[in-house]
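Chemist: Just so you know, the sequences run in chain order A and B. Using numbering that gives the first Met the number 0, the first residue of the first sequence is number 0, and each one after it goes up by one. Using numbering that gives the first Met the number 0, the first residue of the second sequence is number 0, and each one after it goes up by one.
If you are wondering where the hints come from, they were derived from the structure by calculation, not from laboratory data. Take these hints with a grain of salt, some might be off.
As the list claims (entries may be wrong) - With a straight-line Cα cutoff of 30 Å, these simulated DSS-like cross-link-like pairs (lysine-lysine) come out: (1) B:K311 - A:K296; (2) B:K239 - B:K122; (3) A:K309 - B:K311; (4) A:K286 - B:K239; (5) A:K119 - A:K52.
Stated by the list, open to error - Some chain A residues well away from chain B (every beta-carbon gap over 10 Å; in silico): (6) F220; (7) A228; (8) M243; (9) K296; (10) M298.
Beta carbons: idealized from backbone N, C-alpha and C, even for Gly.
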Amino acid sequence: MSQDNASQAEFRSQVAAWMQDNRPADPGFLLPQTFMEVGSEQVLDFLREWQHKVWSAGYLGMAWPKEYGGQGMSRDFQRIADEEMKRLQVPICFNVIGLGWAGPLILDNGSDYEKEKYLKGILNAEDIWCQGFSEPNHGSDLGSIQTRAERDGDDYLINGSKIWTTMGNYAKYMILLARTDPQAERRYNGLSFFLAPMQVDGISTQPIQKITGEYGFTETFFTDARIPANCIMGEEGQGWRIAMQTLQYERGAEAGAAGGISILSIVMDDLLRMAAEIEREGEPLLKDPVTRDNLIKFMIEEKALQLAEKRIEIPALCRDYPNSIALSGKLRSTEFFRRMRQYALSLQGAQGSLYVGDPDTIGGGFWQRAYLNNFSTTIGGGTSQVQANIVGEHVLGLPKD
Amino acid sequence: MTTSTLNGTTNIALSFSDEQAMLLDSAKSFCSHKSDINAVRSLLKSDSGHNPDVWQEMVALGWTGIAIPEQYGGFAMGLGSMVPVIESMGRHLLGTALITSTLAAQAILRGGSEAQREKWLPKIVAGTVGSMALLDNEDWGSKLCGVSTANSSSSDSSSKIVLSGKKLLVADATVADFFIVSINHSGNPALAIVEASQLTANAISANTLIDETKRAATVDFSGVTLSPDALLPQSEQALKDIRLIGALLIAAEATGTSAATLDCIVSYLTSRIQFGRLIGSYQSLKHPTVDILLQMDSSRSLIYHAATLLDKGPEIGPLEGDTEVACRMAKAQATETLLFAGDRAVQFHGGMGFTYDCDAMLYIRRAQWAQHQYGDAQHHRLHLARLLLD
Chain A
0 MSQDNASQAE FRSQVAAWMQ DNRPADPGFL LPQTFMEVGS EQVLDFLREW
50 QHKVWSAGYL GMAWPKEYGG QGMSRDFQRI ADEEMKRLQV PICFNVIGLG
100 WAGPLILDNG SDYEKEKYLK GILNAEDIWC QGFSEPNHGS DLGSIQTRAE
150 RDGDDYLING SKIWTTMGNY AKYMILLART DPQAERRYNG LSFFLAPMQV
200 DGISTQPIQK ITGEYGFTET FFTDARIPAN CIMGEEGQGW RIAMQTLQYE
250 RGAEAGAAGG ISILSIVMDD LLRMAAEIER EGEPLLKDPV TRDNLIKFMI
300 EEKALQLAEK RIEIPALCRD YPNSIALSGK LRSTEFFRRM RQYALSLQGA
350 QGSLYVGDPD TIGGGFWQRA YLNNFSTTIG GGTSQVQANI VGEHVLGLPK
400 D
Chain B
0 MTTSTLNGTT NIALSFSDEQ AMLLDSAKSF CSHKSDINAV RSLLKSDSGH
50 NPDVWQEMVA LGWTGIAIPE QYGGFAMGLG SMVPVIESMG RHLLGTALIT
100 STLAAQAILR GGSEAQREKW LPKIVAGTVG SMALLDNEDW GSKLCGVSTA
150 NSSSSDSSSK IVLSGKKLLV ADATVADFFI VSINHSGNPA LAIVEASQLT
200 ANAISANTLI DETKRAATVD FSGVTLSPDA LLPQSEQALK DIRLIGALLI
250 AAEATGTSAA TLDCIVSYLT SRIQFGRLIG SYQSLKHPTV DILLQMDSSR
300 SLIYHAATLL DKGPEIGPLE GDTEVACRMA KAQATETLLF AGDRAVQFHG
350 GMGFTYDCDA MLYIRRAQWA QHQYGDAQHH RLHLARLLLD
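From just these sequences and the hints, can you work out the full model?
Modeler: This is how it looks when you write it as C-alpha cells:
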C-alpha cells in the first residue's frame with residue numbers, strides 16, 4: 000500500500016466514515032462472499048440496493064468518465080475506496096462482469112453509442128451482466144466453443160448453450176463468445192464477441208443447484224435467438240482476441256475496472272479468532288500445540304503468498320523462472336484457501352457437522368459455506384490440475400502429456 | 000490478541016537494490032564456475048571439504064567483509080547482502096566456512112567490545128576463519144544451550160577462566176583460526192573467543208556427516224584458559240541474534256540448493272524415456288515437481304523478506320519483532336522445501352536414484368544437514384507460535 004498524501008488521507012477517512020455509517024444492517028442471511036452466491040431475489044435486491052448506494056455516494060466508477068456515470072477522478076481514489084471497503088468488510092459490489100469485464104472493454108473499444116447505452120447501468124446496478132464463455136462440454140477450453148452465431152439480415156441467430164452463467168437468470172446483458180465461422184482454418188479465428196441482450200425470445204435459463212444447496216449459476220440455452228447485428232463487438236473473427244483482452248481486465252484492477260470489492264475476503268485472522276473462541280479439554284484451541292503448529296504453517300504460507308506479489312515486481316529476484324509467480328498465482332492461492340477453510344471446519348469439532356440454517360453453527364455456517372464454495376475457484380477458470388500442467392509445461396519446460 | 004497478530008503478519012516488506020542484484024549475478028556466476036558438480040564430488044572425501052584457492056578468491060572478492068562496517072575494513076553492505084551470496088553458494092553446493100565465519104564476525108560485532116571488534120573484524124575480512132561453537136546436545140531449543148558445557152573454575156571475575164566441556168557439530172572446526180564458544184560463566188550465559196592455538200592436542204574430533212560437502216567436529220574446550228577479556232560483554236543478546244541470523248543464512252543456502260535440486264529433477268524428467276514417453280509428461284511426476292517450484296518460490300520470497308528487514312533495522316541492533324518472525328519463517332519454509340525436493344529427486348530418478356553416482360544423493364543429504372542447523376522447522380514454528388499467537 001503506497002503512502003497517502005494529505006488529500007488522499009482525508010479521502011480515506013471520509014470513505015471509512017461513510018462505509019461505517021451506511022453499512023447495511025444484518026439482512027438475516029449470510030452475506031455473499033462472491034457474486035457467484037446470488038441465489039435468490041432477496042439476496043439480489045439486497046446487493047443491488049447496496050451497490051446503488053455506493054455508486055450514489057460516489058465511491059464506484061470513480062475513474063470512469065463523468066458523462067457515463069463515473070466521477071472522472073484519478074484511479075488512486077478508487078483504489079483507496081476499495082481498500083477501505085475490503086478492510087471494513089462491507090458487502091461486495093456484485094455486478095462483477097459489468098464492473099470488471101464488460102465495462103472496461105466498452106470503455107476501451109466501444110462506440111459512443113455503446114458507452115451511452117451500457118456504462119451507467121453497470122455502475123448503478125440497474126443492468127446486471129453475465130458472461131457466456133464456457134460451454135457444457137468444453138469446460139475452460141474456449142477454443143472449442145460450439146455455440147453458433149449466424150448472420151441473418153440485420154440480426155444474428157444464436158444457437159447452442161452456455162454453462163456456469165453467473166446470475167444468468169437475472170442478467171439483462173451477456174458478454175457472449177460464439178462461433179461465426181465454423182470453417183475458419185484456425186478454430187480461434189472463427190469466434191466473435193457480442194454484447195448480447197438476454198431478454199429476447201429463444202434464450203432460456205435453467206438454474207444450477209450448487210454443492211452448497213444454493214443457486215447462483217444457470218445453464219443458458221439459445222434456440223434461434225435473434226439479436227441485433229450491431230451487438231457484435233469488433234468484427235467477425237476477432238472474438239478470441241477480445242475475450243483475451245477481457246480476461247486481462249479480470250486480472251488487473253489497473254486496467255480499467257470500475258472498482259468496488261468483488262470478494263469478501265477471509266484471512267488468517269478470521270481463523271485465529273475462531274481458534275481463540277473454541278475450547279478443547281477446557282483450553283482454547285489457540286493453546287493446543289498441534290493446532291498452533293498447523294496455524295503457523297498456514298501463516299507462513301499466507302505470508303509467502305503475499306510476498307510473491309511483491310517479488311514479482313523485482314525482476315532480479317525472478318530470473319530463474321520469470322513466469323513462475325504469475326502463472327502459479329491462481330493455483331497457489333485457491334489451493335491455500337481450500338486447505339485453510341477445510342482446516343477451519345476440522346477445528347470446529349462436533350459443531351463442524353452442522354450446516355447453514357442450523358442455529359448452533361459457528362458463525363452461521365460461514366466456514367461450511369466458504370469451504371464448499373471455494374471449489375468454484377479450484378475448478379473454475381482452469382482446474383488446479385490443469386493449472387499445474389500449465390506451470391509444469393510453461394515454467395519448467397516439462398513435456399506435455 | 001488479534002490486533003497484535005494482525006501486526007505480526009502484515010509486514011510484507013521486500014526490496015532488493017541494484018547493488019544487491021549485481022552481487023547476486025556475480026555470486027551466481029562465480030559459484031557456477033568454481034563449483035561445478037565434478038568439483039563438488041572431488042572434494043567429498045577431502046579433509047577440509049573445500050578448495051583453499053577458491054576460499055582465497057572469495058576473500059579477494061570481498062565476501063568476508065560484506066556485512067562488516069567500514070571502520071573495521073568491511074564494505075558495510077548489510078547482512079541482507081549476504082543472502083544472495085549464500086543462496087548462490089547453496090545453488091552450487093560450494094563449501095567453505097563463509098557462513099560460520101560470517102556468524103562469528105556478527106557475534107563480535109554485536110556482542111564484542113570495541114577492542115575485540117578492532118582486533119578481530121579486520122582479520123575476518125582478510126580471511127581469518129571464525130567458527131561458532133554453540134551446541135551442547137542435539138536440541139537447538141535446549142535451555143542449557145550455551146551454559147552447560149564449559150564452566151569457569153572460579154567466581155572471581157578478574158582471574159583466569161578455565162573451560163571444561165565439549166561442543167557438538169562445530170562447523171569447519173579444522174580450518175577455524177578461532178571459535179566463538181557459548182559458555183556458562185558463573186551461572187550466566189556468555190560468549191567467549193577461543194583461539195585455535197589455545198586448544199589442547201587432539202581437541203578436535205571430526206564428525207562423519209550425512210552431508211559429505213560439509214565439515215563439522217566435536218571440539219573439546221577442556222583445559223583452555225582464558226583471561227576475562229576473551230568474553231564478549233554483550234553476550235546474551237548477541238547469542239540470540241546469531242541464532243536467528245544463522246537460521247536465515249542456512250535458509251538462504253537451502254533455498255539455493257532447492258533450486259539446484261529442481262534443476263536436477265527437471266533435467267532428468269526432460270531426458271529420460273520410459274514406456275515410450277519422456278517421464279516428465281506423466282502428471283504423477285510433473286505435479287509434485289511443480290509443488291517443489293512453488294515451495295521454492297515461497298522460500299525465496301521469505302529469505303529476501305528477512306534480508307530486507309535485517310537491512311532496514313539498525314546495523315547492529317537486536318533482531319526483534321517482524322525481523323525475528325521473518326528469519327524463523329524463512330528457516331521453517333526453506334529447509335522443509337529442500338527436504339521435500341531432495342526426497343523426490345531421489346525417487347524420481349528410479350534405480351539411478353538409489354546409486355551414489357546420482358547427484359540426487361548430494362541434495363537429499365544436504366537437506367538432512369540443513370534442517371538441523373540453527374533449529375529445525377518445528378523448533379521455529381514453536382517460537383513463531385509464541386510470537387504470533389500469544
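Chemist: Evaluate each hint against the coordinates.
Modeler: Hints and how they fare:
Taken as a hint, the K311 of chain B and K296 of chain A pair is honoured in the structure, with Cα atoms around 26 Å apart against an allowance of 30 Å. Simply put, K239 of chain B and K122 of chain B have alpha-carbon atoms about 24 Å apart, close enough for the 30 Å limit, and the pair holds. Note on K309 of chain A and K311 of chain B: the hinted pairing holds, with a Cα-Cα distance of about 17 Å set against a maximum of 30 Å. About 25 Å separates the Cα atoms of K286 of chain A and K239 of chain B, which keeps this hinted pair within 30 Å; it holds.
Distance check on the hinted pair: K119 of chain A and K52 of chain A sit about 14 Å apart at the alpha-carbon level, within 30 Å; holds. Every CB of chain B lies more than 10 Å from the CB of F220 of chain A, the least distance being 35 Å, so the non-interface label holds. The beta carbon of A228 of chain A is kept farther than 10 Å from every beta carbon of chain B, the shortest such distance being approximately 45 Å. The Cβ of M243 of chain A lies farther than 10 Å from every Cβ of chain B, with a closest approach of about 24 Å, so its non-interface assignment holds.
Distance to chain B contradicts K296 of chain A as a non-interface residue, since its nearest Cβ pair spans about 7 Å, not more than 10 Å. The beta carbon of M298 of chain A is not kept farther than 10 Å from every beta carbon of chain B, the shortest such distance being approximately 6 Å.
Hint compliance for this structure: hints 9 and 10 are broken, all remaining hints hold.
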